[in-house]
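*Asks:* One-letter residues, chain by chain:
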Amino acid sequence: MPGKAPPKSDKDAKGVSKGKKGGKDADEEMTVVVPPSKKQAQAADGDGDVEMGGEEDKVEEVDPAVQAVTDIKSNFALLDRAVALFDPRFSLRALRSISLIRKRLTPDIIAQAIADSFPATAASAKSAKVLLAAIDRADTPLGKSSGSEMEIDGDAKPATKNGSKKEVKDLIPEVDIFLGILIQVYLFDSKQYAKGARFSEQLTDRIQSLNRRTLDSLSAKVYFYFQLFCEHMAPLPPSPESPIVAVRPILLAALRTAVLRKDIDTQASVIVLLLRNYLLTSHINQADLLVSHTQFPENAVNNQVARFLYYLGRIRAIQLRYTEAHEHLTAATRKAPGSNCALGFSQTATKVLLVVELLMGDIPDRSTFRQATMEEALHPYFLLVQAVRVGDIENFETTLADHADTFRRDGTYSLILRLRQNVIKTGIRMMSLSYSRISLRDICIRLHLGSEESAEYIVAKAIRDGVIEATLDREKGFMKSKEVGDVYATREPGEAFHDRIRACLALHDESVKAMRFPMNQHRLELKNAQEAREREREMAKEIQEGDLDEDDLGGDFEGM
Amino acid sequence: MAERNLSQIVAQLKKSPSMSYSDANTLLSKAKIALLNLKALTPNAAVPQSTLALARETYEQGALFAIRARNPEAFTRYVQQLQPFYELPSSRLPPNLSERNKVTGLSLLLLLTQGRYAEFHSELESLANREGGGGDVEGDKYLGYPIRLERWLMEGSYDRVWKAMKSSEVPCDEYSVFSEILKNQIRSEIASSSERAYPSLPISSTKSLLFLDSEGDVISFAQHRGWIVRDGSIFFPDATEGEDGTHTKEMSQMVIENALGYARELETIV
Chain A
1 MPGKAPPKSD KDAKGVSKGK KGGKDADEEM TVVVPPSKKQ AQAADGDGDV EMGGEEDKVE
61 EVDPAVQAVT DIKSNFALLD RAVALFDPRF SLRALRSISL IRKRLTPDII AQAIADSFPA
121 TAASAKSAKV LLAAIDRADT PLGKSSGSEM EIDGDAKPAT KNGSKKEVKD LIPEVDIFLG
181 ILIQVYLFDS KQYAKGARFS EQLTDRIQSL NRRTLDSLSA KVYFYFQLFC EHMAPLPPSP
241 ESPIVAVRPI LLAALRTAVL RKDIDTQASV IVLLLRNYLL TSHINQADLL VSHTQFPENA
301 VNNQVARFLY YLGRIRAIQL RYTEAHEHLT AATRKAPGSN CALGFSQTAT KVLLVVELLM
361 GDIPDRSTFR QATMEEALHP YFLLVQAVRV GDIENFETTL ADHADTFRRD GTYSLILRLR
421 QNVIKTGIRM MSLSYSRISL RDICIRLHLG SEESAEYIVA KAIRDGVIEA TLDREKGFMK
481 SKEVGDVYAT REPGEAFHDR IRACLALHDE SVKAMRFPMN QHRLELKNAQ EAREREREMA
541 KEIQEGDLDE DDLGGDFEGM
Chain B
1 MAERNLSQIV AQLKKSPSMS YSDANTLLSK AKIALLNLKA LTPNAAVPQS TLALARETYE
61 QGALFAIRAR NPEAFTRYVQ QLQPFYELPS SRLPPNLSER NKVTGLSLLL LLTQGRYAEF
121 HSELESLANR EGGGGDVEGD KYLGYPIRLE RWLMEGSYDR VWKAMKSSEV PCDEYSVFSE
181 ILKNQIRSEI ASSSERAYPS LPISSTKSLL FLDSEGDVIS FAQHRGWIVR DGSIFFPDAT
241 EGEDGTHTKE MSQMVIENAL GYARELETIV
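Quick mapping for you: the protein sequence lines, in order, are chains A and B.
Yeah, the first sequence ends on 560 if you go by the UniProt record's numbering, and it's all consecutive.
Yeah, the second sequence ends on 270 if you go by the UniProt record's numbering, and it's all consecutive.
None of these hints come from the bench; they were simulated from the model.
Remember, predicted model here, so these are calculated numbers, not experimental data.
Among the hints, a few may not be true.
Dumping the calculated DSBU-like pairs for lysine-lysine here, alpha-carbon to alpha-carbon at most 35 Å [claimed, not checked]:
id, chain 1, residue 1, chain 2, residue 2
1, A, K476, B, K163
2, A, K476, B, K166
3, A, K476, B, K141
4, A, K103, A, K191
5, A, K480, B, K39
6, A, K482, B, K207
7, A, K476, B, K183
8, B, K14, A, K480
From the derived model, a few chain B residues whose C-beta atoms are all more than 12 Å from chain A [what the hints assert, rightly or not]:
id, residue
9, N5
10, Q12
11, K15
12, I33
13, N71
14, N96
15, I186
16, M251
Okay, the calculated bits of chain B under chain A, using three or more residues with CB under 8 Å as the criterion [stated by the list, open to error]:
id, stretch
17, 145-158
18, 192-205
Where a beta carbon is used, it is the ideal one built from N, C-alpha and C, also for glycine.
This is chain B alone, in the form it adopts within the complex:
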């Protein structure tokens, strides 16, 4: 009974991805209660295969809805609940790779936008070792996307990141949720590297450099970052001034400290 009920809810969720988050949430809560009745919230040995598959689908749908509603906490929670299901042997639960990759790719992207690179790479490592060969990871539609983005971000090829987000390269709708965050992220990255790299920049070319739409945007962005706009150019405030005095003092103090330390150590040795 409960199982039929559950499969109905899952079907309903799948059918209408544009459902509002609150509606979806009520359905998801019902599904979770049904799972609880079936004792299938976590995969234990007694649960039949069909229920396991349903449980997995419930969580996957939950994760996708959470992303659509821009709710990263809920998404992370669903992804963690999914982990034990993904760890199950394929004889116990036949894997549904495309859904799985979709969710994993999204969680990678989330880690990327939050700047949690260590976790990103830990996750990546486990992907590479999954299912024996890791060769198809980069080729995968869903997984390859965040991996490529990360590489470009690290390299500094921001224009490629930009292109990847803009065009029809995004593998599915859920991924474009992150585009806005990523756009802001790369813009501030570019801005901070420009501060160091250019003595000055003409406003007209800054527009294309920062992927902004108009020169007015450039000026407001420049003011926001504390840049000086003069004669149609942007000048960057020099950040390194006035540090020399404290610097040298620190250095001599350090030398004295070190020398004293050596003396003490020598004393203990001799």
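So that you can see chain A by itself, here it is in the shape it has in the complex:
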């Protein structure tokens, strides 16, 4: 979690305020880490460095506010294309650009964008009024640009032209919702959570009534912010009075509708939100039931899949189903975006993964802790792993006590408490490897166990669980280790090999499935084939007419 590392940048600080799970914020965190584009750099300069800002302004001669409005409006073209071509990729691209615009959003800019894009007809005026009311700019006139600056007019034209190409009379709802999302983002950044939740509710109602497939990816986003607002409202999550409990019926209804409409984006996003919601109030059973009664859409967006797997992993870990948890969490960390934009998510998922690995009796790879981005956040876990690896129960207890708050915040505390037995088991294993015979008293002293009796029971249990190969002698009170057999004579290497091959094959299959082909390409090929056939026919005709000589004839006919 970014919160643990001393906040180095603005981004880290934001991670903290956003609560426990950085992963949720993957999309937004992109805002800051994405290498600043030219526009953003310019905007930033305008804010901070006055001298630099002046220089830039001279070069580009664009006011940052105007630029922002233009940027917002340039997305409308994308949304238009998405509707016209029925290709969700364009809406996704528009959504991605939110992170670039985000920092510059002010009520005035949004109001300006709304005023410019909504025609003054009665129908659209109503929805525009709702949007404007949410940012306290209800009195902005619609239909035309305010005209105070020449640039606005200039910039507004291409946008309106784009709009009028498709629908002359009215604005497409996608643009309406897109502006709604911008308002949500603005309200969230300015911490007006209660207002944001109210506005989101209106927005979701509107989406439900529209029922357009091209809205899917947008509506997923709307629900996402809805939940985020609720999480930040007055009684904060672990308390049962938190507003997130009240949101559940709305989300469940949305999920039902999304499933019926085969709206994959909303489906995936709402399932993930619900899981998060349940886990925040520790309703593990409900979360488990939700997972068993719903089917997570197979071809959901990668980020949602990663989040889903993470939550699933956590649920399974709590239920002691470590193997499954390990599988899900590994997949989640691998599916997490590789760049720094979703660092919080990777860190959080890695933390749980480490604990689960320890619980399974494995020692995590040292290299996990060496990654520059992870090192600081994972430090307490590193100490923990050290304690478990050596089997030093005292060290383990002190680490646990020292970092209890961190572990609690990460939601791994109760999992880590279960590690105690693993520490003991590892300790016994170390001892069984190093000594061929050791007295129970020594085991008891070294592992700081309560009594010799306890030690005897614990060792016996370890033998039964297959942790060590040894026998006990009760009369003389010692443990005698058996000779360790040759691992290569067992089926173990074969199994490991088989697992790896299977993983590779699955990877191959998945990559084949993930390939994307340009639409209508096959038609082009068909056309080519058609032309070729035509040419051949012509040639055949010519042959019939006797223009060609015999040698060519044979070859051509074979080709046919």
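Put chain B on the given structure of chain A with help from the hints.
*Replies:* Chain B in isolation, oriented as in the chain A frame:
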């Protein structure tokens, strides 16, 4: 009217915890009918606070009586009916933590004795997040007990479990109901680990190992588990014999299957 009636019944139930289960049951049914008349079987918005508290107490008493009568199904039912009451905000219904912890602790113990560890831990997780801080969960008289027992059971410190059940460590009478079940449970745990851990055991020390009272008990227990008693010692039958033949055959078959699978996959790729 109904409310006064109800509070009388609850008071009666509280006063005499040793009442027989059938008597208590009739009283509880009456209480439930009264609750039904008050429309307070489940907490909805219209129910006044005093009635809510009474309803909660009724269920809590019901749960305790069910445990005393060793009726886990009825107990689970009461605990589930209590859940919505426990979820209520404290402004709506001031919590009565000691009773609540008692019932929750008992349900944890029940899950533990039934071996439902997944549910045990799910429940534990929600306890840790309850009321903001989870620090006092282990320190609590009622909740700490099952948590400690679970930890010791997992570790294998059976002697500590034994001590915890025996002495005056049990937080209240209802908890000792589970002791008998737990005793049998740990005894069979110890027995199965002994089978693997010791080549042989002298009968005299097996007695203390299994917490049995006499050597006669040891012998009957050994016979029950199918152990061989000879020359004052117990020998454990070797369970791993005679498996090797099928084992190797299985293995070669597996290798062939895998290889064929790879070949098929390669074919699809190339």
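*Asks:* All hints are to be evaluated individually against the structure, with a verdict given for each.
*Replies:* Evaluation of the provided hints:
Distance restraint check for K476/A and K163/B: the Cα-Cα separation of roughly 25 Å lies within the 35 Å cut-off, and the hinted pair is therefore satisfied. A C-alpha spacing of about 28 Å is found between K476/A and K166/B, which places the hinted pair at or below 35 Å, so the restraint holds. Proximity of K476/A to K141/B is assessed by CA-CA distance (about 39 Å); at most 35 Å being required, the pair is judged violated. Restraint check for K103/A and K191/A: satisfied, since their Cα atoms lie roughly 14 Å apart, inside the 35 Å limit.
The hinted pair formed by K480/A and K39/B fails the criterion: a straight-line CA distance of about 67 Å is larger than 35 Å. Between the alpha carbons of K482/A and K207/B the distance comes to roughly 27 Å, so the proposed pair stays at or under 35 Å and holds. Distance restraint check for K476/A and K183/B: the Cα-Cα separation of roughly 27 Å lies within the 35 Å cut-off, and the hinted pair is therefore satisfied. With a C-alpha separation of about 56 Å, the suggested pairing of K14/B with K480/A is violated against the 35 Å cut-off.
Interface exclusion of N5/B from chain A stands, the closest Cβ pair being 31 Å apart, more than 12 Å. No Cβ of chain A approaches the Cβ of Q12/B within 12 Å, the least distance being about 32 Å, so the stated non-interface status holds. Distance to chain A confirms K15/B as a non-interface residue, since its nearest Cβ pair spans about 32 Å, more than 12 Å. The beta carbon of I33/B is kept farther than 12 Å from every beta carbon of chain A, the shortest such distance being approximately 29 Å.
Interface exclusion of N71/B from chain A stands, the closest Cβ pair being 23 Å apart, more than 12 Å. For N96/B, the shortest C-beta to C-beta distance to chain A comes to about 16 Å, beyond the 12 Å cut-off, and the non-interface label holds. Not every CB of chain A is more than 12 Å from the CB of I186/B (nearest about 9 Å), against its label as outside the interface. Not every CB of chain A lies more than 12 Å from the CB of M251/B, the least distance being 5 Å, so the non-interface label is violated.
Here the stretch 145-158 of chain B counts 6 residues with a CB under 8 Å from a CB of chain A, which clears the bar of 3, and the coverage holds. For the stretch 192-205 of chain B, the proposed coverage by chain A is satisfied: 11 residues have a C-beta within less than 8 Å of a C-beta in that chain, meeting the threshold of three.
Against the hints set out earlier in the document, violations occur for numbers 3, 5, 8, 15, 16.
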